[in-house]
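So the sequence shown is numbered by this note's numbering: it starts at 1 and just counts up by one.
Don't take every hint at face value.
What the hints assert, rightly or not - Here are the simulated distance ranges between beta carbons:
1) G231 x D89: 49 to 59 Å
2) E56 x E232: 42 to 52 Å
3) D89 x R136: 43 to 53 Å
4) T263 x M198: 20 to 30 Å
5) D146 x W36: 21 to 31 Å
6) R82 x S233: 50 to 60 Å
7) G256 x I94: 53 to 63 Å
8) Q111 x E28: 20 to 30 Å
9) D18 x L105: 20 to 30 Å
10) G114 x I142: 38 to 48 Å
11) R82 x P202: 46 to 56 Å
12) D18 x E56: 19 to 29 Å
13) P194 x G114: 52 to 62 Å
14) I142 x N238: 32 to 42 Å
Simulated from the structure, these hints should not be mistaken for laboratory data. Ideal Cβ placement from N, Cα and C applies to all residues, glycine included.
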Amino acid sequence: MANFDARDEHRQAEETLDLFVLSDYLSEEAEAAASWITRRFGKKGVEITRYRAILEEEKLRSVLRQARREDAVVIHCFLSGRLRSFISDQCRMIGIEQFDVFSPLLSGIEQASGREPKEDPKLLHPMDREYFKRIRAMEYTIAADDGGNPSILKEADVVIVGVSRTGKSPLCVYLANRGVKAANVPLVPEMDLPPQLMRIPPCRIIGLTRSPGSLGEIRSRRMSMMGLAPGESLYVQNDRISREISYASCIMENLGIVVFDVTTRAIEETANEILALLQNMDQTQS
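All chains, full assembly: derive it from the sequences and hints.
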């Protein structure tokens, strides 16, 4: 217990927790756990290192040694019972804090049902109707990204609108992974809106907005990543950003649509609310 407290004091002083996220076939589940943690403890206080598709004990042993050197906490999500046991044993032997995302639920269901779970990876993503629905949604979302192909807007389950860097594309991809055909249309003062947008029911259009300061920071970072000088661009100037936000707000108000301020929101939060809106709408219409 003394060693644990000492590590806690060290982490608090550093204000950073090193978190190793390990998985085999359950990468999506491990990613969800990591995302949940970073949202609740603050991304600035958690440094995540991901190790996906680990299928061999030797690779696990190497990763766990690295975790020990960096005094990291290990979160793991494995379909393989053999590898889950191996991780627990190794972490106990070398003194690593570890948390098994999958086993508590699996063990509870096993005890309740009296049956042993199957470990066939093919059962995780069956080639069923829902699978092909997600594939079609993803193909559509890629084709309808950033205002591309406005002629297919009428096929969208939802259309996301907003100024540049409000996270329209990532949100659409997330929704497509849930089987939703999501298109997005940028709102730019100098560009006319596609006439097809006006034919979409307002209940199927969602607006995104973000605070000017946050938008400026994201745009500057984006330009720097592209090797451009942010200070020389109108794209990141406060007056320009304020004008774009004002223009977009007027458009959204005229359309009479739901608007989400994504300044402090995770993509998952907005996506889940949109999914709930679509579900309620479909139930009302059916």
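Those earlier numbered hints the structure runs against, lowest number first: When the structure is compared with the hints, none of them turns out to be violated.
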